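Got chain U sorted already, so can you dock chain L onto it with the hints?
Protein chains: 2
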Amino acid sequence: MTYCVALRLNRGIVFAADTRTNAGVDNIAQFRKIHYWSKPGERVLVLLTAGNLSLTQSVVSLINEQLAGSEEDPEAPSLFNVPTMYRAARLVGDAVRAIRAIDGPALEATKTGFTGSFILGGQIGSEPPRLFQVYSEGNFIEATDETPFFQIGEHKYGKPILDRVAQPTMRLGEAAKLVLLSFDSTLRSNLSVGMPIDILLYERDSLKLHREKRIYQDDEYFKKLSASWSEALRSAFTKIEEFNV
Amino acid sequence: MTYCVALRLNRGIVFAADTRTNAGVDNIAQFRKIHYWSKPGERVLVLLTAGNLSLTQSVVSLINEQLAGSEEDPEAPSLFNVPTMYRAARLVGDAVRAIRAIDGPALEATKTGFTGSFILGGQIGSEPPRLFQVYSEGNFIEATDETPFFQIGEHKYGKPILDRVAQPTMRLGEAAKLVLLSFDSTLRSNLSVGMPIDILLYERDSLKLHREKRIYQDDEYFKKLSASWSEALRSAFTKIEEFNV
Numbered sequence: 001m002t003y004c005v006a007l008r009l010n011r012g013i014v015f016a017a018d019t020r021t022n023a024g025v026d027n028i029a030q031f032r033k034i035h036y037w038s039k040p041g042e043r044v045l046v047l048l049t050a051g052n053l054s055l056t057q058s059v060v061s062l063i064n065e066q067l068a069g070s071e072e073d074p075e076a077p078s079l080f081n082v083p084t085m086y087r088a089a090r091l092v093g094d095a096v097r098a099i100r101a102i103d104g105p106a107l108e109a110t111k112t113g114f115t116g117s118f119i120l121g122g123q124i125g126s127e128p129p130r131l132f133q134v135y136s137e138g139n140f141i142e143a144t145d146e147t148p149f150f151q152i153g154e155h156k157y158g159k160p161i162l163d164r165v166a167q168p169t170m171r172l173g174e175a176a177k178l179v180l181l182s183f184d185s186t187l188r189s190n191l192s193v194g195m196p197i198d199i200l201l202y203e204r205d206s207l208k209l210h211r212e213k214r215i216y217q218d219d220e221y222f223k224k225l226s227a228s229w230s231e232a233l234r235s236a237f238t239k240i241e242e243f244n245v
Numbered sequence: 001m002t003y004c005v006a007l008r009l010n011r012g013i014v015f016a017a018d019t020r021t022n023a024g025v026d027n028i029a030q031f032r033k034i035h036y037w038s039k040p041g042e043r044v045l046v047l048l049t050a051g052n053l054s055l056t057q058s059v060v061s062l063i064n065e066q067l068a069g070s071e072e073d074p075e076a077p078s079l080f081n082v083p084t085m086y087r088a089a090r091l092v093g094d095a096v097r098a099i100r101a102i103d104g105p106a107l108e109a110t111k112t113g114f115t116g117s118f119i120l121g122g123q124i125g126s127e128p129p130r131l132f133q134v135y136s137e138g139n140f141i142e143a144t145d146e147t148p149f150f151q152i153g154e155h156k157y158g159k160p161i162l163d164r165v166a167q168p169t170m171r172l173g174e175a176a177k178l179v180l181l182s183f184d185s186t187l188r189s190n191l192s193v194g195m196p197i198d199i200l201l202y203e204r205d206s207l208k209l210h211r212e213k214r215i216y217q218d219d220e221y222f223k224k225l226s227a228s229w230s231e232a233l234r235s236a237f238t239k240i241e242e243f244n245v
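Same order as they appear, the protein sequences are chains U and L. Taking the UniProt record's numbering, the leading residue of the first sequence gets 1, the next gets one more, and so forth. Taking the UniProt record's numbering, the leading residue of the second sequence gets 1, the next gets one more, and so forth.
Excised from the complex, chain U in its bound form (with noise of 0.2 Å):
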């Protein structure tokens, strides 16, 4: 499995993603999930992925292919040139389209099914930082303020933690932690998510990408933040009264 979240603030946007991927638990293997591609001081665009290998990275591919290809043919639609974010998630969701029409039959035929999803998030221009999740259909839903994180993959063990304290207003650091506390509950409690995580805190209106940092196993913030979370949650615990009945 995976887990990526992504979480859309008034001052940027903070994605993360952890790097495992597995064919059954006896085959696993380290992957980026993290994606992006920036024109500095014109656009970013930021993509995390989940579901089949082959699907996310064929994606990938042909988002790729269509950059180069506009060197050829500037007016051809890419993630370089198209004028919005809104325009940017259609493009994602054609390459999911594209390759659902080459694997799509085949995947389907079996029990591997054709699964795959997206967060897409970034900023063009004078837009406003945006933030997409893309399905394996190729449709998509954009965050707002009432729900401003997007998650894919192993999302269930780190939402409660989100549910709770995600807000637009947060400072970009402040939803890192969050994001990494999210990051931390679900290592703990699922073997198919694992470390190092990719995290990448986009700032407003910069329109360049340069926070960026692999966290591996041994990272102190990380060590630090996992033992304290641990700590005050026992002991919020036990501050609270007992049940009786």
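The set of hints was computed from the structure by calculation and includes no laboratory data. From a predicted model like this one, the values you see are computed outputs, not experimental measurements. Just to be clear, a hint being listed does not mean it is correct.
Claimed, not checked - Mimicking SDA-like on lysine to any residue, the simulated pairs with C-alpha atoms at most 20 Å apart in a straight line are:
id, chain 1, residue 1, chain 2, residue 2
1, L, Lys111, L, Ala23
2, L, Lys213, U, Glu220
3, L, Lys239, U, Gln167
4, L, Lys223, U, Phe237
5, L, Lys239, U, Asp198
6, U, Lys224, L, Ser235
7, U, Lys224, U, Glu241
8, L, Lys39, L, Lys111
9, L, Lys239, U, Glu220
10, L, Lys111, L, Glu71
Just chain L, lined up with the frame of chain U:
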């Protein structure tokens, strides 16, 4: 969906189950998912159920028919005469297999499928309390000190807190508090699990059932627990250093 959890302690067993069933989000209903049988001073058996309601109700009906039948034929095995909890788990597994023989083929020919899972716990005579999880195939596993709890149904949201805090050395009231916190996280994140919650605390060697409660939405203890926990999590969150890169 459903959420049920049971936690085996040195001092007894805590059981809890929600009461919501749904066939689509537009068709929800309330059903009891905790069932028990006792001969005070001799045995106590508690069954939690998740899955197709037709299957789980049929299993309970079959078990009750065995009890009624055993008055006529005291040799026929039933929950009231099996000598150990292991034999009781076998009976539940046999009942699941009997229903599968009747309803399995028709259900498995559709998207519905034949899905059900059960938690059986209790104590018979001088045996220590034991806790089992019975699968829809009728086979089962038993809780140990390393893994003292079982969850069935919508288990992922409420697992992280159990993974962090559950210990066999807990007091019953402390474990009940933990179980209710696990429900609180699940209820907040998933509509298909709904109040009221049935909770039952079995005290080791008491061989009777006398600590049971149905917890409604407006329950004072639960409201306080939920508010204190939210407050404690938010406060713990603010105390952790922000992420920076």
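Do the hints match the structure? See the list:
A threshold of 20 Å between alpha carbons decides the hint, and for L:Lys111 with L:Ala23 the separation of about 13 Å falls inside it, so the pair holds. The straight-line distance between the Cα atoms of L:Lys213 and U:Glu220 is roughly 45 Å, outside the 20 Å bound, and the hint therefore fails. About 17 Å separates the Cα atoms of L:Lys239 and U:Gln167, which keeps this hinted pair within 20 Å; it holds. Between L:Lys223 and U:Phe237 the CA atoms are separated by roughly 15 Å; this keeps the pair inside 20 Å, and the hint holds.
Distance hint between L:Lys239 and U:Asp198 is unfulfilled; the C-alpha atoms sit about 24 Å from each other, more than 20 Å. At most 20 Å may separate the alpha-carbon atoms for a hinted pair to count; U:Lys224 and L:Ser235 meet this at roughly 17 Å. Proposed proximity of U:Lys224 and U:Glu241 is contradicted: the alpha carbons are some 28 Å apart, above 20 Å. Pair hint L:Lys39 plus L:Lys111 does not hold up; C-alpha atoms about 41 Å apart against a cutoff of 20 Å.
Annotation: proposed proximity of L:Lys239 to U:Glu220 holds, straight-line Cα distance about 17 Å (limit 20 Å). For the given pair, L:Lys111 sits about 40 Å from L:Glu71 by alpha-carbon distance, which is inconsistent with the 20 Å threshold.
Checked against the numbered hints given earlier, the structure breaks hints 2, 5, 7, 8 and 10 and satisfies all the rest.
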